[in-house]
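S.K.: The primary structure of each chain is shown beneath.
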Amino acid sequence: MGNKMTQELTPVQQERLQEQQTRYTQPAFLMQLGFVGILALTPLVIPSFRVMDVVAKIMIFTVVVASYDLLLGYTGIFSLAHGMFFGIGAYSVGLIIHHSGAPHWYHLILAILVAVGLSVALSLVITFFSLRVKAIFFAMMTLALAEFADILAVTWYDLTLAEDGVSFSLPGIFNVNWSVGKFLAADINGRLMTYYLILIIAVLLFVGILRFVRSPVGRVLKSIRDNEQRSVALGFKTLRYQVLSTVFSSAIASFAGILFAMWLRFVNPTSVLSINPLMLSILLMLIIGGMGTLYGAIIGAAFIMIIETWLPELQKLGVALFPNLEFAQRLVGRWELYFGILFILVVFFFPKGFVGTARNIIAQRKMVSSESK
Amino acid sequence: MTTETTSLELTVKSGFSAKNLAIWLGSVGIWFLPLIWIDPSTYMVLTVAGVAMGMLLFLAASGLTLIFGLMDVLNLAHGAFFAWGAYVGFSILNRLNALGWVETGTFSQCLVSVLLALLVSLLVGVVLGFFMERIIIRNVYGDHLKQILITMGALTVMVEILIIFWGPNDEVVLVPAAFQGSYDVFDVIINKFRVFAIFIGVAIFVAMQLVLKRTKLGIIVRGGVENPDIVRAMGYNIHSIFTGVFTVGAALAALGGTMWGIFKEQIYPGMGQENLIFALIIVIIGGFGSVTGSFLGAIMVGLAFNYVAFLLPKLALGVNILIMAIILLIRPAGLMGQE
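First to last, the sequence lines map onto chains D and G. Residue numbering for the first sequence follows my numbering, beginning at 82 and increasing consecutively. Residue numbering for the second sequence follows my numbering, beginning at 264 and increasing consecutively.
Derived lysine to aspartate or glutamate pairs resembling DMTMM-like cross-links, with alpha carbons at most 25 Å apart:
| # | chain 1 | residue 1 | chain 2 | residue 2 |
| --- | --- | --- | --- | --- |
| 1 | G | Lys409 | D | Glu309 |
| 2 | G | Lys409 | D | Glu417 |
| 3 | D | Lys433 | D | Asp307 |
| 4 | D | Lys397 | G | Asp433 |
If you anchor each label on the Cβ, the simulated ranges turn out as follows:
| # | chain 1 | residue 1 | chain 2 | residue 2 | range |
| --- | --- | --- | --- | --- | --- |
| 5 | D | Pro297 | G | Lys527 | 53 to 59 Å |
| 6 | G | Lys409 | D | Arg300 | 22 to 28 Å |
| 7 | D | Tyr105 | G | His502 | 53 to 59 Å |
| 8 | D | Pro393 | G | Asn357 | 28 to 34 Å |
| 9 | D | Thr236 | G | His502 | 40 to 46 Å |
In case anyone wonders, no lab produced these hints; they're calculated from the structure. Glycine is no exception: its CB is placed at the ideal position from the N, C-alpha and C atoms.
Extracted from the complex, chain D is given alone in its bound form:
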């Protein structure tokens, strides 16, 4: 029976069917499972808050970068407002809980609804205005919009407390004061629960993005990126697919923003809305990991998060080395400078990123070995 079925299927459908049948037995799947297991065990084994903090941020930014990759790497849309959607998510949690007093469960649900609703509506408006015009307009318009959101958050003191930022606490088991004792090396407390919440949601979102780009819709998106006119000629309504991709990725970005705010229990414009450093970091993570690879997001986020955690130490080094020279202190301590230089160097000399370069090398090896046969 199976044979008869496969004969009637198209090659693509056959491939998909085969993939679906072997999905849970492949070594790649087991490796992914193992990776998630390691993430789950990390806080139990390593009792350092700093490590847990970095790993949680890496997970959150992996989701952000993967959703950005969906937009830029898979659909070819260059948006600079991705950080803004992240910020919308973060601020919706922060403001709802901060302005309504004691935290409740329904606040979180309300925040998710507000964040996703707002980002879907906003991204629809943006695409409506600028996807029809030149591609570069999209970058410029989204840049202007993102900057506007940032300035609004900085100046609207009554609502956002500007750069002072909004602090808030979380309900129930995610609250800092919630604690039931120790397990292995870790305290079972609100922090740890938040960590696991982030782990679960981040894995779900990442798998969701993976499934999305491997779905028939994802294939159409890739074809639009590679040759838009050809996709039009094949009968696809390209605008519809581009809008879908934009809306999907901005909704995920705002979801990640919610997680980020829940982890920090604090939001301010610099950390969740700014072009520099937030949007630049997301871009750099994407490029270093490898555009159009999705898995690159993990490597890129890990690389940049670790650098961002330790580079500010330069400040202390500067003060220690030159106690009296303010100029020299700044020269050593302005880690953003080295960040910018790294950015330029990566774009110039390492445009494919880790995963992209690795895939190229593997592909070349395969070519060589097949030729030698």
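Position chain G relative to chain D; hints supplied.
M.R.: Just chain G, lined up with the frame of chain D:
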């Protein structure tokens, strides 16, 4: 044959003028709308402030639009030239103040000190622009994605270097004595430096128009905006023209930055990025590659910003994004852009 042509011309002309008339009436009329909420003398003050602000933004936007139109390069590092110009001008004014020329000087001393500050920042802009084009921009022609990434990186690096030299804090810019205070024209208070800013802006606009329209170099540049390949086929070295235009654009942005610093009496490292957003909006409104378009766009942005900042301060930048969206809906290529 002849009748056909004339009828065709007629339809084209009448359609053109009717649409144009409506657009012109609408776009002139809308600027009197704020009079409903603002009393006339305040309105005049805001108008002068808006035009002056527009002139300074035009200095930044004109380079951006030419660079985009001619070289097809979106230069996000343009804001850094602006900030550098402001800081260099600030330092020059501080130095001259030690000689007693700025805060206590006579009119001619004040004028000389402002012009000197402008000249030095112009030169700094020339140097920065030249090296930027040669080292960075030249390698990314024809690749928008890389251009945006590289110039964003360059913006960060240049602003960070600026912070290393001058520190991360806000600085107060000295305003020369002759430009302090204001004129009182029929109860309308007009700040002296705003008049000077408008004068400089218009002078540079006129000079740019003369160069672009009346000289051979201008013809080459305009030809390059239309079609770089033809210009190259005619035997001109398009790369040196690129370098030249980029350098001039950077110098104008630096000049605008110095003027902006004196205008606002305050500078800070993030000012470049903030004004870059205005410049981008102006370039989109005016149409890529059009100097006249960005001149009009700059005045619109300056006026709209000032009226709305007076009425609803938080939405001042938002209204400009709204204007941009409306203009993109009506004319996707901007006011003066070519389809």
